[in-house]
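Novice: Here is how the chains run, residue by residue.
2 protein chains.
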Amino acid sequence: MDSVYKHIDAHADEYVTRLGEVIAIPSVSGDASMRDHVFAMGAWLQAQLKRLGFSDIEAHHPGKQQLQGKEIDLPPVILASYKSGTEKPTVLVYGHYDVQPALKEDGWKYEPFTMVEEKETGRIYGRGSTDDKAPIISWLWVVEAYQALGKDLPVNLIVCFEGMEESGSEGLDEIIIKEAGRYFKDVDCVCISDNYWLGTEKPCLTYGLRGVSYFFLEISGPAKDLHSGVFGGTVHEPLTDLFHIMSKLVSSDGKILIPGIYDDVALVTEAEESLYQNLDFSLADIHNATESQTTIHASVRDTLMHRWRFPSLSLHGIEGAFYAPGAKTVIPAKVVGKFSIRSVPNQTPERIAELVKTFVDAEFSKLGSKNTYKIESPHGGKSWVADVNSWNFVAAKKAVEKVFNTSPDLTREGGSIPVTLTFQEALGKSVLLLPMGRSDDGAHSTNEKIDRYNYIEGIKLLATYLEEVATVEK
Amino acid sequence: MDSVYKHIDAHADEYVTRLGEVIAIPSVSGDASMRDHVFAMGAWLQAQLKRLGFSDIEAHHPGKQQLQGKEIDLPPVILASYKSGTEKPTVLVYGHYDVQPALKEDGWKYEPFTMVEEKETGRIYGRGSTDDKAPIISWLWVVEAYQALGKDLPVNLIVCFEGMEESGSEGLDEIIIKEAGRYFKDVDCVCISDNYWLGTEKPCLTYGLRGVSYFFLEISGPAKDLHSGVFGGTVHEPLTDLFHIMSKLVSSDGKILIPGIYDDVALVTEAEESLYQNLDFSLADIHNATESQTTIHASVRDTLMHRWRFPSLSLHGIEGAFYAPGAKTVIPAKVVGKFSIRSVPNQTPERIAELVKTFVDAEFSKLGSKNTYKIESPHGGKSWVADVNSWNFVAAKKAVEKVFNTSPDLTREGGSIPVTLTFQEALGKSVLLLPMGRSDDGAHSTNEKIDRYNYIEGIKLLATYLEEVATVEK
Ligand SMILES: [Zn+2]
Ligand SMILES: [Zn+2]
Ligand SMILES: [Zn+2]
Ligand SMILES: [Zn+2]
Chain A
1 MDSVYKHIDA HADEYVTRLG EVIAIPSVSG DASMRDHVFA MGAWLQAQLK
51 RLGFSDIEAH HPGKQQLQGK EIDLPPVILA SYKSGTEKPT VLVYGHYDVQ
101 PALKEDGWKY EPFTMVEEKE TGRIYGRGST DDKAPIISWL WVVEAYQALG
151 KDLPVNLIVC FEGMEESGSE GLDEIIIKEA GRYFKDVDCV CISDNYWLGT
201 EKPCLTYGLR GVSYFFLEIS GPAKDLHSGV FGGTVHEPLT DLFHIMSKLV
251 SSDGKILIPG IYDDVALVTE AEESLYQNLD FSLADIHNAT ESQTTIHASV
301 RDTLMHRWRF PSLSLHGIEG AFYAPGAKTV IPAKVVGKFS IRSVPNQTPE
351 RIAELVKTFV DAEFSKLGSK NTYKIESPHG GKSWVADVNS WNFVAAKKAV
401 EKVFNTSPDL TREGGSIPVT LTFQEALGKS VLLLPMGRSD DGAHSTNEKI
451 DRYNYIEGIK LLATYLEEVA TVEK
Chain B
1001 MDSVYKHIDA HADEYVTRLG EVIAIPSVSG DASMRDHVFA MGAWLQAQLK
1051 RLGFSDIEAH HPGKQQLQGK EIDLPPVILA SYKSGTEKPT VLVYGHYDVQ
1101 PALKEDGWKY EPFTMVEEKE TGRIYGRGST DDKAPIISWL WVVEAYQALG
1151 KDLPVNLIVC FEGMEESGSE GLDEIIIKEA GRYFKDVDCV CISDNYWLGT
1201 EKPCLTYGLR GVSYFFLEIS GPAKDLHSGV FGGTVHEPLT DLFHIMSKLV
1251 SSDGKILIPG IYDDVALVTE AEESLYQNLD FSLADIHNAT ESQTTIHASV
1301 RDTLMHRWRF PSLSLHGIEG AFYAPGAKTV IPAKVVGKFS IRSVPNQTPE
1351 RIAELVKTFV DAEFSKLGSK NTYKIESPHG GKSWVADVNS WNFVAAKKAV
1401 EKVFNTSPDL TREGGSIPVT LTFQEALGKS VLLLPMGRSD DGAHSTNEKI
1451 DRYNYIEGIK LLATYLEEVA TVEK
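Residue numbers (the working numbering), protein chains in the order written: chain A, 1 to 474; chain B, 1001 to 1474.
FYI, nobody ran anything at the bench for these hints, they're computed from the structure.
All C-beta atoms in this analysis are idealised placements derived from N, C-alpha and C, irrespective of residue type, glycine included.
Anything over 12 Å on all C-beta distances counts as not near chain A; from chain B, calculated:
# : residue
1 : 1066
2 : 1068
3 : 1122
4 : 1182
5 : 1403
6 : 1424
Result set (DSS-like, lysine-lysine): computed pairs, CA atoms no more than 27 Å apart in a straight line:
#  : chain 1 : residue 1 : chain 2 : residue 2
7  : A       : 357       : B       : 1328
8  : B       : 1334      : A       : 328
9  : A       : 255       : B       : 1248
10 : A       : 224       : B       : 1104
11 : B       : 1370      : A       : 248
12 : A       : 374       : B       : 1248
13 : B       : 1151      : B       : 1402
14 : B       : 1374      : A       : 328
15 : B       : 1366      : A       : 255
16 : B       : 1248      : A       : 366
17 : A       : 370       : B       : 1255
18 : B       : 1334      : A       : 104
19 : B       : 1224      : A       : 328
20 : A       : 248       : A       : 334
21 : B       : 1382      : A       : 328
22 : B       : 1064      : A       : 328
23 : B       : 1248      : A       : 370
24 : A       : 185       : A       : 151
25 : A       : 109       : B       : 1224
26 : B       : 1328      : A       : 328
27 : A       : 248       : B       : 1255
28 : A       : 88        : A       : 178
29 : B       : 1070      : A       : 328
30 : B       : 1374      : A       : 248
31 : A       : 248       : B       : 1334
To spell it out: a stretch of chain B is covered by chain A in this simulated footprint if at least three of its residues, at any positions, have a beta carbon under 8 Å from a beta carbon of chain A; those stretches are:
#  : region
32 : 1204 to 1216
33 : 1234 to 1244
34 : 1301 to 1312
35 : 1320 to 1329
36 : 1335 to 1345
37 : 1412 to 1422
Could you put together the complete structure from these sequences and hints?
Specialist: Have a look at this one:
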């Protein structure tokens, strides 16, 4: 690998310049007026794939969408293959080429769509720098390095780049499911580089994600909003009932109060327990992130276990009640409470919905209210956990050790990355989350950055990962 | 009085025509672009007062206000005197010449600012018909009738007409307080005609209003909104704490759960109990008004006592939480819960605020939360109750009996009419609420109307009330 590392180091400035090129394409998927730029970014990638000799380049168009009152085309899901030999394993890599919105006046210190490298800090600023432009183009520079060195790529590579990740990945799942038996039929493992190190010092591999079940609890009484002077004290008020029910779901210290909800939660094994040693994380990280000292748990282990592998329930708000500044003495006629449960193995969305409904039904009966209620759970995203001893993870672990001279943290995420589960279920192969950036990169926030170190060592990491996948015992 | 009644009946069509004239002036005080019309309505009244020989006509200008981004002049509070003799009692009458907004497309069957009289139903439609244009101009027709008949008015009359009642009566209190010892110094009693019969069949006199204390309960944790995937289960969530506290304030059946809150509530006396017999009201009225069957109490007595003379607590909503349609998995950083308490004699806003704060403090402590809270109660409007045996009420009762051949219901209102208390406190004289319209007039709603019967008999009622005030034993 030494020659590859040397090549990468020698071309580091070029990689940074090219990152500047893609940051300058404001491929914001959530803004109809920017849609042309998303397409431009897709075209840029296709040109690069062509230049590098990828074959079977296919742009899958998922159709149209309604956005901000316009009907516009969805950007393509780009598939491409780099074939290196039928005897070699096939690695599918996923990334997204769209970005979050960004405006200088939101608090950016530089123009968000102009790359700025701070030499003194080593930080490269720009929207999309870490999420997810550096990771996706890095795969290209790996292929380019092997070509330049006259070496065969150790694996067959398939890329899957989408342009709608920041806006719900519209159309992606259908394409993955359709292509599972065709374009993706030889895939042996999947690697997604679209999350972050746990801290700022140490690389990690991510092996788990929580699921999410969303609930709408609607309570109705009068046919229209009432004046509290005229009706207060004489009618059952839907908002009063809603506060009663929703207050019974979770305690201030985060304990879910729905009977049976913890029954399906997998027990913490000894092997799992050991993964919580020496993590690159301290409570100060969460205090800095929230700018408060309002953490519930006193240890890193407990805090991360409650983020990663125990369920949580958050109340989000109410539709139909008074929400503006000032004082208004309305009795709302119909209110919809919103809450969600982050789920973990071995909970299922179906069982969670059942338990929530049973509980809400029982609590509503206790109120003795003449109002009526309805509870709906539109969709439940399942949790995901991978076997950290599978060869895909072993290969990645070895790659980290080679490039960074340290063992990676093995982490989970508290949120969901739905495409992970789609790949897992559609292909039935091991999926690995291999992050490139750091926890303080500010993806989705102002002053998004990636450190030059993370970017350049990240390219080496991806190359080494492919080498290890080729040689690891399967 | 027969000659007065005859004159009124003979001129009924003329009174209706003139009502049409004032309905056609869209004096909406809540819309900056309509402010000229409010002034036009004030000018119309001043011209009438002049024509009828009122003296000391004064237009008090309270200054300017900011409305919809414009700085505009507040409409005048108009004072005028009709002197009939120093030995006669002086009656101060109040009304307002501004109206609520109205648009045909809101669901009006006729143009809201064009009067339409339905001959078959006897209803006169138009914005402001019942609230409060018919009542205020009726006082003018009483004076006009006495003049036409060559009779002296039995009392000295002072009118106080404002143009900002529908928009918070800005500037009015200061003027009343300032004029208490000057313009209003000889006032013996006050009569306000700006509310409605309890039902649709029987006139009423109104002797009580509830007060209102508004509360803002703010709970803060993190410095910014958090993602529930990343932070759910690891931090104390302000919204969870808010639901816990607010759910403890009131039960589904309207019982306020704050210890001590009922201690100052006046006991129901036997005399008061008797006022709840034979009221023109049934539970069907409240079911029709709310288009639901969600009433708490089974009897008219209990229902009206809880509207009029017991306190109630309503939750209104939350500022800072998610309120839009759809699903969003935010943990709000800072939320402000809004609720209000309708108060009754002998509760005071000060004592209510104290009890609420003590309770919230105790409940917040129990949570064991690291979040912080703040509770504010910006202003408390006091409740008001009059002595129904005072001569002002006796005079009005006799007047109703003469005009309608029935005894009036003695009612309260669950809401507040703040000017009532201002007059009471600034002048120290008996204040009477003497409604003209019916409960189904739709003030503030679409298709506002007044029945021709209520308008014309109402003019007779006001005239008779003045006669009775002059002769009643004081
Ligand atoms: Zn991303
Ligand atoms: Zn993102
Ligand atoms: Zn009014
Ligand atoms: Zn009004």
